[in-house]
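J.: One-letter residues, chain by chain:
Protein chains: 2
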Amino acid sequence: MASAGGKPTILLLRRLDSSFATALRERFHVLDFHASGEPLAAFLAAAAAAPEPPRAAIVVGGGSIRADASFLDTVPSLRCIFSTGAGVDHIDLAECARRGVSVANSGEVYSTDVADHAVGLLIDVLRRVSAAERYVRSGSWPVQGDYPLGSKLGGKRVGIIGLGNIGSRIAKRLEAFGCVIYYNSRRPKDSVVSYKYFPNVHDLAAKSDVLIVACALNKWTRHIVNKDVLEALGKDGVIINIGRGANVDEAELVVALKDGKIAGAGLDVFENEPRVPGELFSMDNVVLTNHVAVFTAQSRSDLCAHTISNLEAFFSGQPLLTPVHDDSIVD
Amino acid sequence: MASAGGKPTILLLRRLDSSFATALRERFHVLDFHASGEPLAAFLAAAAAAPEPPRAAIVVGGGSIRADASFLDTVPSLRCIFSTGAGVDHIDLAECARRGVSVANSGEVYSTDVADHAVGLLIDVLRRVSAAERYVRSGSWPVQGDYPLGSKLGGKRVGIIGLGNIGSRIAKRLEAFGCVIYYNSRRPKDSVVSYKYFPNVHDLAAKSDVLIVACALNKWTRHIVNKDVLEALGKDGVIINIGRGANVDEAELVVALKDGKIAGAGLDVFENEPRVPGELFSMDNVVLTNHVAVFTAQSRSDLCAHTISNLEAFFSGQPLLTPVHDDSIVD
Chain A
1 MASAGGKPTI
11 LLLRRLDSSF
21 ATALRERFHV
31 LDFHASGEPL
41 AAFLAAAAAA
51 PEPPRAAIVV
61 GGGSIRADAS
71 FLDTVPSLRC
81 IFSTGAGVDH
91 IDLAECARRG
101 VSVANSGEVY
111 STDVADHAVG
121 LLIDVLRRVS
131 AAERYVRSGS
141 WPVQGDYPLG
151 SKLGGKRVGI
161 IGLGNIGSRI
171 AKRLEAFGCV
181 IYYNSRRPKD
191 SVVSYKYFPN
201 VHDLAAKSDV
211 LIVACALNKW
221 TRHIVNKDVL
231 EALGKDGVII
241 NIGRGANVDE
251 AELVVALKDG
261 KIAGAGLDVF
271 ENEPRVPGEL
281 FSMDNVVLTN
291 HVAVFTAQSR
301 SDLCAHTISN
311 LEAFFSGQPL
321 LTPVHDDSIV
331 D
Chain B
1 MASAGGKPTI
11 LLLRRLDSSF
21 ATALRERFHV
31 LDFHASGEPL
41 AAFLAAAAAA
51 PEPPRAAIVV
61 GGGSIRADAS
71 FLDTVPSLRC
81 IFSTGAGVDH
91 IDLAECARRG
101 VSVANSGEVY
111 STDVADHAVG
121 LLIDVLRRVS
131 AAERYVRSGS
141 WPVQGDYPLG
151 SKLGGKRVGI
161 IGLGNIGSRI
171 AKRLEAFGCV
181 IYYNSRRPKD
191 SVVSYKYFPN
201 VHDLAAKSDV
211 LIVACALNKW
221 TRHIVNKDVL
231 EALGKDGVII
241 NIGRGANVDE
251 AELVVALKDG
261 KIAGAGLDVF
271 ENEPRVPGEL
281 FSMDNVVLTN
291 HVAVFTAQSR
301 SDLCAHTISN
311 LEAFFSGQPL
321 LTPVHDDSIV
331 D
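Heads up: the protein sequence lines correspond to chains A and B, in order.
The numbering of the first sequence is full-length UniProt numbering, which starts it at 1 and goes up by one.
The numbering of the second sequence is full-length UniProt numbering, which starts it at 1 and goes up by one.
Bound conformation, chain A alone (with noise of 0.2 Å):
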């Protein structure tokens, strides 16, 4: 099915840089939803009444449009929906599996990026290197006298939550610094005999020094670290959250970090985005960054080709590059 110059329709609602917009549309008849204009409602009724309704839709990693029962109600002739992050919480994978909608996802064009922003997180906690950018900035470095120890990488038992594409990304690096590395997953791996299971992460909270949220988020893994982990994982204990905001109990982290009853966090996503709890903004022992952790040009420039890839692939009938399906999304 294509629109009038034989390219396909395709919904786009999400924003993308220039560059990346051009390439889809030398490729695609794209209904751009930020440059309609319109509201969301009014732009997909119109869509869907179009004499070529799209087929495939793109849509934002953990966004704030949702591709739920009613959205596929809205917009009935969509059969691929094409997440532009790892994270597909945003659309519920049940009802599409259900009505035949396939879901494609970015795959692994962001796990190097988020692996490294993880490392660099932790090593930021463990070490205070931000900590010591303000003490330095501040101009405190010639008045003020002791400054505080960081604590060593080196023999640190890390937790990993979800050894998926990020995760095991995160366990290599972590290996050439000489952290040991745990993990849990709804499954051990059978390719890993290096990495201690723990099936639980309550377990692998108490048994680890630092624990590092690298799963998707869905039913299973909504506040996976509550109150109880962070009990676990103790005073010495640091969190890293890479994965979404919603992974982690962020009330109880706060009030963990308040009491002590954690010794730091390095966070680059939060339950409520873009708001990050104020409490948390007075604390030298967290690092806190906007959800950056896919920011690199060089990702972007792949996920265009990816994005490109899967949707020629869908509309030439090929199977999708990254397919996602309702019971792989835990890591």
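Among the hints, erroneous ones may be present.
Identical copies go unnamed one by one, so any copy, or any two together, can satisfy a pair.
[Claimed, not checked] Computed list of lysine to aspartate or glutamate pairs in EDC-like fashion (alpha-carbon distance at most 20 Å, straight line):
(1) Lys7 to Glu26
(2) Lys156 to Asp302
(3) Lys152 to Glu108
FYI, nobody ran anything at the bench for these hints, they're computed from the structure.
Following the hints, complete the assembly by docking chain B onto the known chain A.
T.: Structure of chain B alone, referenced to chain A:
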């Protein structure tokens, strides 16, 4: 030669935490400059005139007390100088050798921590961690729009100046991130075949995306990164310095950053510590820490054990564990 109580006398010329000081006093008769409250000249003269003058001294790495001919003239009984740092730029090695005064340093005690910090600085500069931190803590995230993209670690050509204890550990870590490792040192390392060797730093900079200074400071390496090297590194290049401030021509570095002749810098050391050039404070592409690359509780504890082992070796006539010679100090 021992003091009353049978303990050998040592000169302590740096401040130590209490557990380290206690461990020393259990084994040695410690003449403690900072505890004495005396001016340095008077303190040294009194030590030299004591019935059991000190044969060993502990000095701080990179500190203000220089172990030069004048110092050695003042306390002629000294036969061993132990630096608690890896760098010995404050010790006149040639003069020590001429007088038969042996020198030892901290060896590999700090190497992993410094390597970890170097990698942390590099991730921070490339992925804008501290800059994102400021953005979040200032409350900008909810009100501002686009955030600038960072740069991927994978594929970066990293030129390491000095492939010694620290540089080789930096290389090992960055290999796990998919970086390509180049290096410069006075001689190629026979044991290293997988990293390309560059006999001079200018050529290394010209071929590298990132330059990491991991060499000792001495007459050959002072300002080894100068204006020409910075220009060879180029406008997309990043410099990381965890060596000594004076390995880099700091004034030229500031100019290069201001003029956009290089892309960014991560600096743990400065030419006139604790003074940091004020121009750097307004830059978002630099990361500044207060010479904390060695600051972990674990390395402090390791240093205590290592110092005592070296001193006990010296006083029992055994070889020092980590001797430093005049020709062994580039990398």
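J.: Taking the hints in turn, state whether each one holds.
T.: Going through the hints against the structure:
1. Lys7 to Glu26: Result: close within a single copy only, 9 Å intra versus 83 Å inter.
2. Lys156 to Asp302: So Lys156 and Asp302 pass the 20 Å test across copies only (16 Å; inside, 33 Å).
3. Lys152 to Glu108: between (30 Å within a copy, 14 Å between copies)
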